[in-house]
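Peer 1: Listed here are the chains, written in short residue letters.
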Amino acid sequence: MKLLKNTLTIAALSMSAFAVLATAPYKLDAQNLDNAQILHPAPDTWPLYHGDYSGRRHVHLKQITPQNVGNLSLAWAFQTNQAASIKSSPLLVDGVLYFTVPDNIWAVDARSGHMLWHYNKPTTQGDHIGQRGVAMYKGWLYFVTPDCHLISLNAKDGTVRWNQLIADVSKGYWTTMSPLVVGNHVIVGVSGDFDNLNGYLRSFDPETGSTQWQWDSTPPAGTPNMTTGGMTWMTGTYDPDLNLIYWGTGNPTPVLNGKSRPGDDPWTCSIVALNPDTGKLVWGFQVSPHDTHDWDAVETPVLVDANFQGKPRKLLMQASRNGYFFVLDRISGKSLLTLPYGPTNWATGIDKDGRPIPNPDKEPAPDGRIIAPDEGGLTNYRAPSFDPKTGLFIVDAHPSWSLYFAKAADGNYGWAGADYGVWGKGVIEAIDYQTGKIRWSHELGDGGSGAGVMTTDSGLTITGDGAGNVLALDTSNGKTLWHAGTGSGMQSSPISYELDGRQYIMTGNGGVLFAWALPESAASTKHAAPPTDK
Amino acid sequence: MNRYRVAAVLALIASGFMIYQGTERPVHAAAHGSSSGSMASASQAMQQPPAGPVDAGAISYAKHCAICHGDQREGILPAFPPLLGIQRQLTDEKLTAFIYTGKGRMPGFPKISKDEMTALLHYLTTTDQPAPETTSAVGASGSNAALHSSRLSAAGSSLFQQNCAFCHGRDAMGGETGPDLTQSKLVQGDKNGDAISGVVREGRPEKKMPAFNFSSQELLSLVAFIRERETAAASMKGNRRGVAVADLQTGNAQAGKTYFNGAGGCSKCHSPSGDLAGIANRFEGLRLEERMLYPSGAKSKLTVTIAPGKTISGTLAYRDEFTVGMRDADGTYRSWATNRVKYTVDSPVQAHVEQFPKYTDDDIHNLMAYLQTLR
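Taken in sequence, the protein lines are chains A and B. Position in the first sequence (first residue = 1) + 3 = my numbering. Position in the second sequence (first residue = 1) + 55 = my numbering.
Careful, some of the hints might be misleading.
Chain B stretches covered by chain A per the calculated footprint, using a threshold of three residues with CB under 8 Å from any CB of chain A [what the hints assert, rightly or not]:
#1 210 to 220
#2 412 to 418
Taking lysine-lysine and the BS3-like style, the derived pairs with C-alpha atoms no more than 25 Å apart in a straight line are [to be verified]:
#3 B:354 / B:263
#4 B:169 / B:149
#5 B:354 / B:397
#6 A:410 / B:240
#7 A:428 / B:413
#8 A:392 / A:482
#9 A:440 / A:317
#10 A:317 / A:392
#11 B:262 / B:354
#12 A:440 / A:482
#13 B:262 / A:428
#14 A:314 / A:337
#15 B:413 / B:323
#16 A:440 / A:337
#17 A:317 / A:337
#18 B:169 / B:158
#19 A:428 / A:365
#20 A:314 / A:392
#21 A:124 / A:141
#22 A:428 / B:356
#23 A:124 / B:118
#24 B:240 / B:354
#25 B:397 / A:482
#26 B:263 / A:428
#27 B:397 / A:428
#28 A:262 / A:365
#29 A:428 / A:440
#30 B:413 / A:440
#31 A:65 / A:392
#32 B:397 / B:356
#33 B:413 / A:365
#34 B:262 / B:240
#35 B:354 / A:428
Here chain A is said to cover these stretches of chain B; the calculated rule only asks that three of the stretch's residues, wherever they fall, bring their Cβ under 8 Å from a Cβ of chain A [unchecked claim]:
#36 232 to 240
#37 336 to 350
#38 369 to 378
Bear in mind the hints are in silico, worked out from the structure with no lab data behind them. We treat Cβ as the ideally placed atom computed from N, Cα and C, and that holds for glycine.
Sequences are here, hints too, so could you generate the full structure?
Peer 2: This is how it looks when you write it as structure tokens:
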């Protein structure tokens, strides 16, 4: 506040040209994000891919409510003019949003949608399937490219500070993810399952870009009878008290043919807990032992502290691509609950450790196997949300059926088979985390949606359908309270923040970023001051 | 430098400005709201120039070559060839000669110093070269030799790897969710590339394939690449990843007939002498099996009550939570907000969805065997 007052005083004393600039009643903080701000994000920030370290995508904002959400309207929209869909979650730091598509970063004024700078550097190598956003630490951004570079840029103007190699694009790796900043570490994962490559997480020094540690999810390619794969392509979560990061790993390779990689194939399709300072594995829990269906377990490992069946626990929950909802004790990695949250037919049961037991008869075969869910899974990379008030874990689900084929001639490299989705639809499922039972479902129509989910303290669930509608649902019962057609599906997860007393909900639909808010008069007159925690 | 001049002017305008600067707040953060116009230009003027390449060869390349051969040496086809991997085509001596004297449309650069030439050659021939696997479509399955017979398909390959490979596989033989293009009827029947281009340009929304905004030249290159893959795949022995008709012959037709008339409930809607008569002549292999499991595109009937006692029916053309649309008997498209009207959807195809959890794999193979007898 003091800075603001100074600025206003100066403005009052200065000549008109300067006064125009300074009378805008905005905070003028430096772009400088420290560990404390990341650890305890203020309501006017979104400093991490998931908004905070817990991965809950739940905001403690209450201005937009089930009662007034009917008035929600467009505050502004930002057109990227790109064919690529926005798959990133914007970061918000000191009033500036940073978001991406492959090879591009935009810095945009969060209040107006006005562009501050644009970084655009086309790359000619690597898969351009998606870019999930930047990370930020102090005044610097961290951005990964399709050709596997980690680039540190000045948040003020997008100029490049350093550029480090994460992986070798020529071997078949590519990178898409938003790095996770923990303490003095920028933690980055890799993609690439067209080839038999080992997956890993690597930690970089935020200042110099030098490698601090690397954790390999699978042994080096060529190790006899061992799997490759286990890509680390989605941002993990972090528990500062336990000092553990939690990360989901991808499918093993060869993908559909498991014969050359007998056994469980650790640590593919797993949730792992690592020490962020050393990269050492503390525990691992395999969500899909010996996967042959491409069901990466990279979906958000959501961290919640709560009573679980009568006992206070530090929990980790994941609605996994393989169709099962998992609740783990995140201190030990031990299973507390495993239940399907939609149609699955590939497991014969649950083993004593809470892991589904894959049915060998449901491995891809020359004449085909009918499998639920399909290869895209019962959910995918867009985030779910945990609402503490109702105890609901709300996830975009994709009940679906498919045919899986593999034959000897397909070999044991890369995909090594073929699969064909037959039918699927989209449903928002609200899972009671205590029991794994579905409390309500909201149908989204044939095909499916794929939008992420966010919940608010006021009782709203924000998501999208497959037809390009943004939806605000009542978290208590799943009923639609508001919608807006945008013309393109949401390929990302919503975020929300509050600036100058006005709450914004932000969705990326196609190549356009939409900022939704209550009309300014309604926002300023009808509601009490916002809470300051988040 | 422009940025200093702007700063100086601003400093003259307002004495307080220097104090303001002293708080080390970024100038662009001030560019909020309606007053952003004047400050935005100041902000741009004060931006650092983008950090340039660090080695002299890269600087030289950026200065002399990038305008035609691309920032990343990717070329701009068909006019300007890519220079990635140029060391495999030309010796250093040849390259040096080209650069000094030019060739065809390429101008010569006789004034480049010896040191700069050394740095440029080093940059062109050693830095950041893709290994052969990168642009190779076949990965580990080998037989690279015949690939990239033309520049056009090489450009198409690059485009394909970036935009298409995730779904269709790097070799176009199928990948995550996308079909094997080398076995596609559409690809095989497309003589001049129009059909492929059309699908790429318009997408296949019903199958979740996005539309791509490629230039005609880019489309030509993609078609050339897909053609090349088609040829390569046809000459490959036993290494295809698709599903052959022969793969789907493990069922028992008699058991399939029993299932059709009994547990499967198929005969409630279908008849081997009616709608399914000759079905095996119209579809075969995987296509038939997919249609058997779920005939995508099957019509549903929408009936809307537009006034008390007055209804209108047509073919369901659109449905989400908020809007329903139909083609009526005249072929006219009509739509309604779902909260304004009463409507019903009659969707016989839903029976296929309800059957999914009930199938065994044997049921499917047997049913497939039975359908193949309906010729």
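Peer 1: Decide, hint by hint, whether the structure agrees.
Peer 2: Tested hints:
With a cut-off of 8 Å between beta carbons, the region 210 to 220 of chain B has 5 residues touching chain A; three or more are needed, and the interface restraint holds. Coverage of a stretch by a chain is defined here by at least three residues with a beta carbon nearer than 8 Å to that chain's beta carbons; for the region 412 to 418 of chain B and chain A the count is 3, and the condition holds. Restraint check for residue 354 of chain B and residue 263 of chain B: the C-alpha separation of about 19 Å stays at or below 25 Å, so the hint holds. Restraint check: the Cα-Cα separation between residue 169 of chain B and residue 149 of chain B comes to about 15 Å, which is no more than 25 Å; the hinted pair holds.
Restraint check for residue 354 of chain B and residue 397 of chain B: satisfied, since their Cα atoms lie roughly 20 Å apart, inside the 25 Å limit. Our distance criterion of 25 Å between C-alpha atoms is met by residue 410 of chain A and residue 240 of chain B, whose separation comes to about 22 Å. A threshold of 25 Å between alpha carbons decides the hint, and for residue 428 of chain A with residue 413 of chain B the separation of about 18 Å falls inside it, so the pair holds. Between residue 392 of chain A and residue 482 of chain A the alpha-carbon distance is near 17 Å, which keeps this suggested pair within the 25 Å criterion.
A hinted pair counts as satisfied when its Cα atoms are at most 25 Å apart, and residue 440 of chain A with residue 317 of chain A qualifies at roughly 20 Å. Taken as a hint, the residue 317 of chain A and residue 392 of chain A pair is honoured in the structure, with Cα atoms around 17 Å apart against an allowance of 25 Å. Under the criterion of a C-alpha separation no larger than 25 Å, the hint pairing residue 262 of chain B with residue 354 of chain B is consistent with the structure, at around 16 Å. Proposed proximity of residue 440 of chain A and residue 482 of chain A is supported: the alpha carbons are some 18 Å apart, at most 25 Å.
A threshold of 25 Å between alpha carbons decides the hint, and for residue 262 of chain B with residue 428 of chain A the separation of about 12 Å falls inside it, so the pair holds. Proposed proximity of residue 314 of chain A and residue 337 of chain A is supported: the alpha carbons are some 15 Å apart, at most 25 Å. Distance restraint check for residue 413 of chain B and residue 323 of chain B: the Cα-Cα separation of roughly 16 Å lies within the 25 Å cut-off, and the hinted pair is therefore satisfied. About 20 Å separates the Cα atoms of residue 440 of chain A and residue 337 of chain A, which keeps this hinted pair within 25 Å; it holds.
At most 25 Å may separate the alpha-carbon atoms for a hinted pair to count; residue 317 of chain A and residue 337 of chain A meet this at roughly 11 Å. A distance of roughly 20 Å separates the Cα atoms of residue 169 of chain B and residue 158 of chain B; the hinted pair therefore holds under the 25 Å criterion. As the CA atoms of residue 428 of chain A and residue 365 of chain A are separated by approximately 22 Å, the hinted pair is consistent with the 25 Å bound. With a C-alpha separation of about 18 Å, the suggested pairing of residue 314 of chain A with residue 392 of chain A holds against the 25 Å cut-off.
Restraint check for residue 124 of chain A and residue 141 of chain A: satisfied, since their Cα atoms lie roughly 23 Å apart, inside the 25 Å limit. For the hint pairing residue 428 of chain A with residue 356 of chain B, the CA-to-CA distance comes to about 19 Å; that is within 25 Å, so the pair holds. The suggested pairing of residue 124 of chain A with residue 118 of chain B holds, with an alpha-carbon distance near 17 Å, which does not exceed 25 Å. Note on residue 240 of chain B and residue 354 of chain B: the hinted pairing holds, with a Cα-Cα distance of about 24 Å set against a maximum of 25 Å.
Our distance criterion of 25 Å between C-alpha atoms is met by residue 397 of chain B and residue 482 of chain A, whose separation comes to about 19 Å. Between residue 263 of chain B and residue 428 of chain A the alpha-carbon distance is near 12 Å, which keeps this suggested pair within the 25 Å criterion. A hinted pair counts as satisfied when its Cα atoms are at most 25 Å apart, and residue 397 of chain B with residue 428 of chain A qualifies at roughly 23 Å. Of the pairs offered as hints, the one joining residue 262 of chain A and residue 365 of chain A holds, with about 14 Å between alpha carbons and a cut-off of 25 Å not exceeded.
As the CA atoms of residue 428 of chain A and residue 440 of chain A are separated by approximately 20 Å, the hinted pair is consistent with the 25 Å bound. For the proposed pair residue 413 of chain B and residue 440 of chain A, the alpha carbon gap of about 22 Å is at most 25 Å, so the pair holds. Between residue 65 of chain A and residue 392 of chain A the alpha-carbon distance is near 13 Å, which keeps this suggested pair within the 25 Å criterion. A threshold of 25 Å between alpha carbons decides the hint, and for residue 397 of chain B with residue 356 of chain B the separation of about 14 Å falls inside it, so the pair holds.
Among the hinted pairs, residue 413 of chain B with residue 365 of chain A is consistent with the structure: their alpha-carbon atoms are about 15 Å apart, no more than 25 Å. Simply put, residue 262 of chain B and residue 240 of chain B have alpha-carbon atoms about 16 Å apart, close enough for the 25 Å limit, and the pair holds. Among the hinted pairs, residue 354 of chain B with residue 428 of chain A is consistent with the structure: their alpha-carbon atoms are about 17 Å apart, no more than 25 Å. Coverage of the region 232 to 240 of chain B by chain A holds [criterion: at least 3 residues with CB-CB distance below 8 Å; count 3].
For the region 336 to 350 of chain B, the stated coverage by chain A holds: 5 residues have a C-beta nearer than 8 Å to a C-beta of that chain, and at least 3 were required. Beta-carbon proximity to chain A at under 8 Å applies to 4 residues in the region 369 to 378 of chain B; the threshold of 3 is reached and the given coverage holds.
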